[in-house]
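In order, the protein sequence lines correspond to chains A and B.
The first sequence lines up with residues 1 to 109 when you count with this note's numbering.
The second sequence lines up with residues 110 to 221 when you count with this note's numbering.
Watch out, some of these pointers could steer you wrong.
Unchecked claim - Simulated pairs of lysine-lysine, DSSO-like, Cα-Cα distance not exceeding 27 Å: (1) B:180 - B:127; (2) A:42 - B:122; (3) B:166 - A:96; (4) B:166 - A:42.
In case anyone wonders, no lab produced these hints; they're calculated from the structure.
The chain contents come next:
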Amino acid sequence: RKEVEQDPGPFNVPEGATVAFNCTYSNSASQSFFWYRQDCRKEPKLLMSVYSSGNEDGRFTAQLNRASQYISLLIRDSKLSDSATYLCVVRSGTYKYIFGTGTRLKVLA
Amino acid sequence: DVKVTQSSRYLVKRTGEKVFLECVQDMDHENMFWYRQDPGLGLRLIYFSYDVKMKEKGDIPEGYSVSREKKERFSLILESASTNQTSMYLCASRRAQNYGYTFGSGTRLTVV
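Isolated chain B (complex conformation) (with noise of 0.2 Å):
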């Protein structure tokens, strides 16, 4: 079975931390995706990736930035974590263009 793992399923980090959170997938996928979904507003994107070393930004990619050094790992990279950045982080593959995504299962990230 094809899978988008994500590194951790809940964080509570302190504001002003550096924050990590990695995403692997084992599909040999070319896309990668980074969305933050939160209530009323849906899924909103970060950041992705349409290939290794390449990157993009998606409609909200302020504060954050991302690395893919290798083809299955997509790395999203608070730089200085902020309360308004408590939220649902979703990582996300794609096989090519008119495919869906495949999620990993999320991080639920609180910033205190």
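In isolation and in its complexed conformation, chain A is listed as follows (with noise of 0.2 Å):
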């Protein structure tokens, strides 16, 4: 089993549409969690950290589930410029951290 799982899509929505994706990890001592975004050809920007009591950022909340191992964005009014691969990043050790491959996004006119 990957320690870091996502479907990889891609999810294709339409404009205004709400989008949920999760992420799963197997390390139950896992520490701090992240969303990233990552157009095509570009490096991954830092979209969110993901905090036990849940957070959220204009259109995007992330969720932690400890219980389950899993964590999630919803993105709410989904904009063309939503577009993107997100990443889920967890981190397993001081040093380590273990990306997932990316969940596709396309949000269609």
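Dock chain one against chain two, each of which comes alone in its own frame, and use the hints as you go.
Now the structure itself:
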């Protein structure tokens, strides 16, 4: 089993839709969690950290479920510019960050 | 705006050449990392450094070495490039534990 798993997609959604991605992790001792966004042929960019209590940044909401060992990202009112690959990242040790292989989102006009 | 700068966006090298990839950050971060990214495999950690002159192997260090003589600069060296090292190489830095990475724009290396 991979340490961090994501559905590769693509998730094709119309503009204005709400879409959610999950990411499961295998190490129950994992500590920090992040969502990154990566556009085609560009570097990943930090979208948001994921806190135990959940957090929200505009149209984006991230949640952590430690009991079931997954994190989620919810995007409301999708925009064309949200089309990208979303990577989840889990810290499993002092320096070790594990990246998922990403979920591809396409927002359609 | 904070920055991580990688010296080349695109590089083509011949098999057997020694290749240097340079990364410089201007954020006074202590931790720096080199990853490679391949389709279907995601980002894989090659080496990291948590302080000047310190280095640690990541998950796939074979065929690579690194150098960190100054805090702001972390170099990745391919001792003898091979075609299976054709990849996108990403440098990242991080302020400390629990912080996210800032990535450079990547170097797309092709070994022929």
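A quick look at each hint next to the structure:
A threshold of 27 Å between alpha carbons decides the hint, and for residue 180 (chain B) with residue 127 (chain B) the separation of about 23 Å falls inside it, so the pair holds. Proposed proximity of residue 42 (chain A) and residue 122 (chain B) is supported: the alpha carbons are some 21 Å apart, at most 27 Å. A threshold of 27 Å between alpha carbons decides the hint, and for residue 166 (chain B) with residue 96 (chain A) the separation of about 11 Å falls inside it, so the pair holds. In summary, the hint linking residue 166 (chain B) to residue 42 (chain A) is supported, as the alpha carbons are separated by about 25 Å, within the 27 Å threshold.
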